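Undergrad: This is what each chain is made of:
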Amino acid sequence: MAETLYDKLMSAHIVREQDGATLIYIDRQLIHEVTSPQAFEGLTLSGRKLWRNKSNLAVPDHNVPTTERSSGVNSITDPVSRLQVETLDKNCKTFDINEIQMNDIRQGIVHVIGPEQGATLPGMSIVCGDSHTTTHGALGALAFGIGTSEVEHVLATGCLWQNKAKNMKIEVNGDLGDNISAKDLALYVIGKIGTAGGTGFAIEFCGTAIQSMSIEGRMTLCNMSIEAGAKVGIVAVDDKTVDYVKGRPFTPIDENWDLALEYWKTLHSDDDAHFDESIVIDASMIKPQVTWGTSPEMVVDINGSTPDPEKEKDQVKAESIRNALKYIHLKPNTSLSSVAIDKVFIGSCTNSRIEDLRIAASVAKGKKIADNIKLALVVPGSGLVKQQAEAEGLDQIFKDAGFEWREPGCSMCLAMNADKLEPGERCASTSNRNFEGRQGQGSFTHLVSPAIAAASAIAGHFSGVDS
Amino acid sequence: MKKFTSLSSIAMPLDRANIDTDAIIPKQFLKSIKRSGFGPNLFDEWRYLDHGEVGMDNSIRPINTDFVLNNPQYSGAQILLTRRNFGCGSSREHAPWALEDFGFRAIIAPSFADIFYNNCFKNGILPIVLSHEIVDNLFKYSGNIVINLEDQTVKTQNQVFNFDVDAERKRRLLNGLDDIGLTLQYENQIRSFETEHFNKFPWL
Ligand code: SF4
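Residue numbers (our numbering), protein chains in the order written: chain W, 1 to 467; chain L, 1 to 204.
These are calculated hints, taken from the structure and not from any lab test.
Keep in mind the model is a prediction, meaning the values are calculated, not measured.
Cβ atoms here follow ideal geometry from the backbone N, Cα and C, with glycine treated the same way.
Wrong hints could be hidden among the right ones.
What the hints assert, rightly or not - What the simulated footprint calls covered on chain L by chain W, stretch by stretch (three residues with Cβ under 8 Å from a Cβ of chain W suffice, anywhere in the stretch; the number is not a length):
1) 84-92
2) 138-146
Stated by the list, open to error - Coverage of chain L stretches by chain W, computed from C-beta distances (three or more under 8 Å per stretch; other residues unrestricted):
3) 11-20
4) 57-71
5) 114-127
6) 162-173
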């Protein structure tokens, strides 16, 4: 029977089925410091053993400072944050799990380092106690976020109970315009189907625009499929995927490489596979996107305006619009390009890879950030991304333009570390969530692409690249 | 896992769509390495007027009397009634931990985000999906609600609504079964799957 890619990936991992639930085998678990301590504690308290240490790879990212930190864990000044990272170190030592520690050059955001190390490979089943695990689907892997109880379950059994998701196809054809990136496409899709539009679905992205998209762009897209509520976001394996994974530290070599290649070539949906839902998008229609509210689906073209709740017929929606505008201190019908910003954040697992930094740097080159910008941060996704960017001179371009160049980590994406917005501050951010208080209590987040973040830093308000 | 069989309580109405896990429990409280004690910081940013941090004495913080959680009418409510896509965003299990610690054992909404929905079952909380119309009506109803998991019913004074829950999840929740213990019963099956899997995919 013709199968979708998601169905193939699921089938390859089924250990057992009972009463509609499926026990699947997990090839890789990625671990970070925030969602794992209680799982390790549970394992210890119940006297259970770790199923297979080699499946796991750990890295601290949420709590790490992005300023000078040569003294490792001791550079974390907040004692509660420090304890969390120390606990990860201790657990990995106790259970003999491979951990990339804080002052290792390979350290970075868990979803950046997985693919970078080749720890994410096509065809793998991958979990992490983090919703943005969907990122790894860009390489044709079955990857999704789980809660802490499930982290413990995977540690103890190597498996996880799953309910099969339905299949959705999002086909994007044509070319994205100049300075329009995967981020704009992701926001556009979420605006179209809503933050619950993908709930219960595995989304496969396909079409000519996806075929011509780089692997890093595909990661941005799959990363944000969770913002559309989807279980996973995946892209079929093609030559780009193979080129990307080749030669990375965890990537197979020699005859294993040949065997792997043979299998990876089968990782696409069959021609006549059945999708429960299909959406077709014309890439050339997509403009740069910016969110105006407190949910990623509250998004418009950069030339657009905030909506008017009085014109919304659905009362629940009208109330959401009112709440969001009230929180974010904007009036109905306000043109986004007239809205001044205080801070700019370029980073996060959505947009902190080398291509993102190249795009932002190309926009910032030879320019200066506007006087009203209090802080513009560039935070590479990993130490290796940082090293590469420095080799290309991107750090200097940013610094010359007035941006701060930082150490890798989650940084201002969620404000668990020292990088956060103050109440009332407005930020153009390349991250993925604009929820109330996400980047700091009482702060306002607007999600944009790296190009728009850089252009807006220079303009001092939301701005496209050309204006 | 904590058992859930039936429950009789008033429902606390939280009339907002898309409530995310950042709102349920803000990130500063995620620094804890424990599983308990999150209740006093449930909905922290909506519930208090000041900025909450770990280690504060919550009993002396200024409260937002406009927020429904602080309305004495609903004190002791074990059911949370809310709108679509509840629990979206971050996968943090601290969200159901906080809800449970505060005293909620069931949540009724037109839809839930996947990971949150899953996490509820692991913590003895029953998430119930009812249609928009029914949820709308429940928002207008202030009496006691009786939830019965075995029968899969939600009863108000005059009405009975049925809800869906998958059989395996129901069985585990009804009996308070330990997920990991159950899975480890199949240890041999997992081992033989693993051997075959690695033969097929030796690079893993
Ligand atoms: S960068 Fe942001 S979204 Fe990504 S893992 Fe870190 S905190 Fe989560």
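Undergrad: If a hint holds in the structure, say so; if it doesn't, say that too.
TA: Verification of the supplied hints:
With a cut-off of 8 Å between beta carbons, the region 84-92 of chain L has 7 residues touching chain W; three or more are needed, and the interface restraint holds. Look at the region 138-146 of chain L against chain W: 0 of its residues bring a Cβ nearer than 8 Å to a Cβ of that chain, fewer than three, so the hint is violated. With a threshold of 8 Å between beta carbons, the proposed coverage of the region 11-20 of chain L by chain W holds, since 5 of its residues qualify and at least three are required. Check on the region 57-71 of chain L: 0 of its residues sit with their Cβ under 8 Å from a Cβ of chain W, so the three-residue criterion for coverage is violated.
Taking a C-beta to C-beta cut-off of 8 Å, the region 114-127 of chain L contributes 6 residues in contact with chain W, enough for the three needed, and the coverage statement holds. Requiring three or more residues with a Cβ within less than 8 Å of a Cβ of chain W, the coverage given for the region 162-173 of chain L holds, as 5 such residues are present.
Hint compliance for this structure: hints 2 and 4 are broken, all remaining hints hold.
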